[in-house]
Amino acid sequence: MSIWIGKDTRLVVQGITGREGSFHARQMMEYGTNIVAGVTPGKGGQTFEGKVPVFHTVAQAVAETQANCSVIYVPPAMAAAAIKEAADAGIELVVCITEGVPVLDMTTVMPYIAQRNVRLIGPNCPGLITPGESKVGIIPGSICRPGPIGLVSRSGTLTYEVVHHLSGAGLGQSTCVGIGGDPIVGTNFIDVIAAFNADPKTEAIVMLGEIGGTAEQEAAEYIKAHVKKPVCGFVAGQTAPKGRRMGHAGAIISGSSGTAEEKFQAFEAANIGIMRRPADVVELLKARLK
Amino acid sequence: MNLHEYQARDLLKVAGIPMFDGDVASTPTEAEAIARRLGGTVVVKAQVHVGGRGKAGGVKLARNPAEALECASQILGMSIKGLIVNKVLVVPAADIATESYVGLILDRASQKPVFMVSDAGGVDIEEVAAKTPEKITKLAIDPRDGLLPHQALKLALALYRDWDHVKAATRILTQLYQVFMANGCSLAEINPLVTTPDGKVLALDAKIIIDDNELDRRPDLAVLRDESAEEPSEVAARRANLTFIKLDGDVGCVVNGAGLAMATMDLVKYHGGEPANFLDIGGSSNPEKVVNALKIITSDPAVKVILFNIFGGITRTDDVANGIVAATKQFKVGVPIVIRLTGTNEVEAFRILESVGMSAMNDMDAAVAKAVALAKGAA
Chain A
120 MSIWIGKDTR LVVQGITGRE GSFHARQMME YGTNIVAGVT PGKGGQTFEG KVPVFHTVAQ
180 AVAETQANCS VIYVPPAMAA AAIKEAADAG IELVVCITEG VPVLDMTTVM PYIAQRNVRL
240 IGPNCPGLIT PGESKVGIIP GSICRPGPIG LVSRSGTLTY EVVHHLSGAG LGQSTCVGIG
300 GDPIVGTNFI DVIAAFNADP KTEAIVMLGE IGGTAEQEAA EYIKAHVKKP VCGFVAGQTA
360 PKGRRMGHAG AIISGSSGTA EEKFQAFEAA NIGIMRRPAD VVELLKARLK
Chain B
18 MNLHEYQARD LLKVAGIPMF DGDVASTPTE AEAIARRLGG TVVVKAQVHV GGRGKAGGVK
78 LARNPAEALE CASQILGMSI KGLIVNKVLV VPAADIATES YVGLILDRAS QKPVFMVSDA
138 GGVDIEEVAA KTPEKITKLA IDPRDGLLPH QALKLALALY RDWDHVKAAT RILTQLYQVF
198 MANGCSLAEI NPLVTTPDGK VLALDAKIII DDNELDRRPD LAVLRDESAE EPSEVAARRA
258 NLTFIKLDGD VGCVVNGAGL AMATMDLVKY HGGEPANFLD IGGSSNPEKV VNALKIITSD
318 PAVKVILFNI FGGITRTDDV ANGIVAATKQ FKVGVPIVIR LTGTNEVEAF RILESVGMSA
378 MNDMDAAVAK AVALAKGAA
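As given, the protein sequences belong to chains A and B, one line each in that order. The numbering of the first sequence is the working numbering, which starts it at 120 and goes up by one. The numbering of the second sequence is the working numbering, which starts it at 18 and goes up by one.
Worth flagging that the hints you see were computed from the coordinates, not collected in a lab. Just so you know, not all the hints are guaranteed correct.
Covered stretches of chain B, as calculated for chain A (at least 3 residues, CB under 8 angstroms) [as the list claims (entries may be wrong)]:
#1 92-102
#2 109-121
#3 225-233
In silico lysine to any residue, SDA-like type, Cα no more than 20 angstroms apart, as pairs [claimed, not checked]:
#4 B:Lys152 with B:Val183
#5 B:Lys129 with A:Leu403
#6 B:Lys30 with B:Ala343
#7 B:Lys286 with A:Tyr231
#8 B:Lys286 with A:Thr378
#9 B:Lys286 with A:Ile393
#10 B:Lys184 with B:Leu29
#11 B:Lys129 with A:Arg395
#12 A:Lys343 with A:Thr333
#13 B:Lys129 with A:Ala196
#14 A:Lys203 with B:Arg161
#15 A:Lys347 with A:Asn316
#16 B:Lys387 with A:Asp399
#17 B:Lys155 with A:Lys203
#18 B:Lys286 with A:Ala233
#19 B:Lys77 with B:Gly39
#20 B:Lys77 with B:Pro45
#21 B:Lys129 with A:Ala398
#22 B:Lys224 with B:Ala246
#23 B:Lys387 with A:Arg395
#24 B:Lys129 with A:Gln384
#25 B:Lys72 with B:Lys98
#26 B:Lys286 with A:Ala398
#27 B:Lys129 with A:Thr184
#28 B:Lys387 with A:Ala398
#29 B:Lys98 with B:Gly68
#30 A:Lys203 with B:Lys98
#31 B:Lys349 with B:Ser250
#32 A:Lys126 with A:Lys162
#33 B:Lys346 with B:Thr361
#34 A:Lys162 with A:Glu149
#35 B:Lys224 with B:Gly139
#36 B:Lys286 with A:Lys126
#37 B:Lys224 with B:Lys349
#38 B:Lys129 with A:Tyr231
#39 B:Lys129 with A:Gln234
#40 B:Lys129 with B:Ser250
Since the model is a prediction, treat every value here as computed from it, not as a measurement. We treat Cβ as the ideally placed atom computed from N, Cα and C, and that holds for glycine.
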């Protein structure tokens, strides 16, 4: 009951010996994620936490351990190269947690991974979790419960807030995916929503958007045309001033497109349940799941 | 990061883009000297990061060096939309035959740099896009190939009929693309690109925005940041590694994560209040960050209540609690604090706060409603 990650996920952690990488690798192992390898150039041959072999390159890690998914915790200037390395090594799903990746770097990453048929999630994202099976990234496992709700979001802690409401009301999650808040990200709302739509165990979808860009409007069009499952949505930044960047590079409104109101209108037109605040998710879903 | 016009001009000049001579001045006497060197009528332009300089009186025509001195002394030190003018650009007021727009932006939708050109230049390009979109030619560039000669030619032909103009514009477009890529821009625009009666094609005004994520690896560009041109509290926040934006309300907000911070501001509004700021303390917070956040928020006299909304994931809520306690010991917080903490180490966080007589809540809605009520009661 999930998309993209689950019990079969064999994870390699790029940057496993770094401060962030080692901390989150331990958290993922505690959660039960099957971490089969780590990569840090120059530290090949070491062992992480007494059991995970560390390699110089992703290609070595894949050859030795059959890793099929990678998570990246390297510094921003090295992130684009790390994504390309994972793609070249035959990894199918690459999750880039790193924040602050220069946007121009991403313009060359996108055609590179498209040619190799790789799915990238992020950068600047919290990753994804299939509760009870596997966690790839930094979403706190303790707040999630297995269940029928698919959740996709552009932000981190806002995701936790909504998951907290869902779990508290007995609405578990099939998979939660944080796609990241940067202007160019590997996976967009539509990719995730299409996967949830095709997943027999996902019964309803929650979409958490932000001001800036038109990804939410495009997702609403897609939902209107293709999705029969109940969907509800939120847009953060209803009170944000125009032209200011609010933390995420993505959260900036310029010109006429990208305001919260515009996105809510698109939701309404697609019969998506409108969450005016995070707590609304429970009542909206309960009414629509009946 | 926004560059000033004079800084953007410097980057274009290095790339070889032709423009009128001119220079930047910090004092009226410097402006006078530049005007004398240039000779003839000059334009004195305020260097601030806001639109509408001209309407605000920040752009003036001076017929001689004495008038340039006079104009500069009026403009320097003036406040435009709350920002003080510290520098003026002095350029010749030359004859212009035509005005065009040339811009390059990093486009989310196509995930590529996209050129936008229009022969309706000199005005706000958003206005052109809204009223006469057919006057704008757009072209996405694959960064693996760069701007190809035939692409530059296509764009130049959208601007000019005269072959000499077309040739000159082709060169300028190629140079602008180089500036964009070499400096990690998210926007580089020349508006207007002008032709003169004697047949030259020149950049008259330029705007460049650098992707903030580029600054770590480009120290030469990072030094161009003009902190005197920014809101002082926002500068202090950036130095403390916080993301802060000042707003006009009275409910001060301290939140972890940009999405939750925006949702908190929205919820303040939902409950009938007005947020005083956006403040994101980030992921792995330490108590020191919380102290700095409180310092910045309490320096705003409009703030009547401070609302903490922390969802502990990587952020440990006990770190935040320790920061709040440390701050209240270091300096007097003269307004009530409403604290919402949930997640990692929350039991310990509640104990820390209770040990100094403070209390916290678990629910975001309840905390926001309480903060709004306190702000109204204090009004």
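Now for the hints, and whether the structure bears them out:
1. 92-102: Result for this restraint: violated, n = 0.
2. 109-121: Coverage by chain A is violated here, the residue count being 0 at a Cβ distance below 8 angstroms.
3. 225-233: holds (count 5)
4. B:Lys152 with B:Val183: holds (17 angstroms)
5. B:Lys129 with A:Leu403: The hint is violated at about 38 angstroms.
6. B:Lys30 with B:Ala343: violated (51 angstroms)
7. B:Lys286 with A:Tyr231: The hint is violated at about 43 angstroms.
8. B:Lys286 with A:Thr378: Status holds; Cα separation ~16 angstroms.
9. B:Lys286 with A:Ile393: holds (17 angstroms)
10. B:Lys184 with B:Leu29: The given pair, whose Cα atoms are some 18 angstroms apart, holds under the 20 angstroms limit.
11. B:Lys129 with A:Arg395: violated (33 angstroms)
12. A:Lys343 with A:Thr333: With a Cα-Cα distance of about 16 angstroms, the restraint between A:Lys343 and A:Thr333 holds, given a limit of 20 angstroms.
13. B:Lys129 with A:Ala196: holds (19 angstroms)
14. A:Lys203 with B:Arg161: Within the cut-off at roughly 14 angstroms; holds.
15. A:Lys347 with A:Asn316: Roughly 8 angstroms separates the two Cα atoms, so the pair holds.
16. B:Lys387 with A:Asp399: Measuring from Cα to Cα gives roughly 19 angstroms; hence the hint holds.
17. B:Lys155 with A:Lys203: Violated, at roughly 29 angstroms.
18. B:Lys286 with A:Ala233: violated (42 angstroms)
19. B:Lys77 with B:Gly39: holds (15 angstroms)
20. B:Lys77 with B:Pro45: holds (13 angstroms)
21. B:Lys129 with A:Ala398: Measuring from Cα to Cα gives roughly 37 angstroms; hence the hint is violated.
22. B:Lys224 with B:Ala246: Distance ~16 angstroms between B:Lys224 and B:Ala246 Cα, so the pair holds.
23. B:Lys387 with A:Arg395: Given that 20 angstroms is the threshold and the Cα spacing comes to 19 angstroms, the pair holds.
24. B:Lys129 with A:Gln384: Violated, at roughly 28 angstroms.
25. B:Lys72 with B:Lys98: holds (11 angstroms)
26. B:Lys286 with A:Ala398: holds (15 angstroms)
27. B:Lys129 with A:Thr184: Not satisfied, since the Cα-Cα distance of roughly 36 angstroms exceeds 20 angstroms.
28. B:Lys387 with A:Ala398: With Cα atoms ~16 angstroms apart, B:Lys387 and A:Ala398 stay inside 20 angstroms; holds.
29. B:Lys98 with B:Gly68: OK: B:Lys98 and B:Gly68 at ~9 angstroms, within 20 angstroms.
30. A:Lys203 with B:Lys98: Violated, at roughly 45 angstroms.
31. B:Lys349 with B:Ser250: holds (18 angstroms)
32. A:Lys126 with A:Lys162: violated (28 angstroms)
33. B:Lys346 with B:Thr361: violated (24 angstroms)
34. A:Lys162 with A:Glu149: Answer violated: A:Lys162 to A:Glu149 is near 23 angstroms, above 20 angstroms.
35. B:Lys224 with B:Gly139: The hint holds at about 13 angstroms.
36. B:Lys286 with A:Lys126: violated (43 angstroms)
37. B:Lys224 with B:Lys349: violated (43 angstroms)
38. B:Lys129 with A:Tyr231: Roughly 13 angstroms separates the two Cα atoms, so the pair holds.
39. B:Lys129 with A:Gln234: holds (16 angstroms)
40. B:Lys129 with B:Ser250: violated (34 angstroms)
Checked against the numbered hints given earlier, this structure breaks hints 1, 2, 5, 6, 7, 11, 17, 18, 21, 24, 27, 30, 32, 33, 34, 36, 37, 40; the rest are met.
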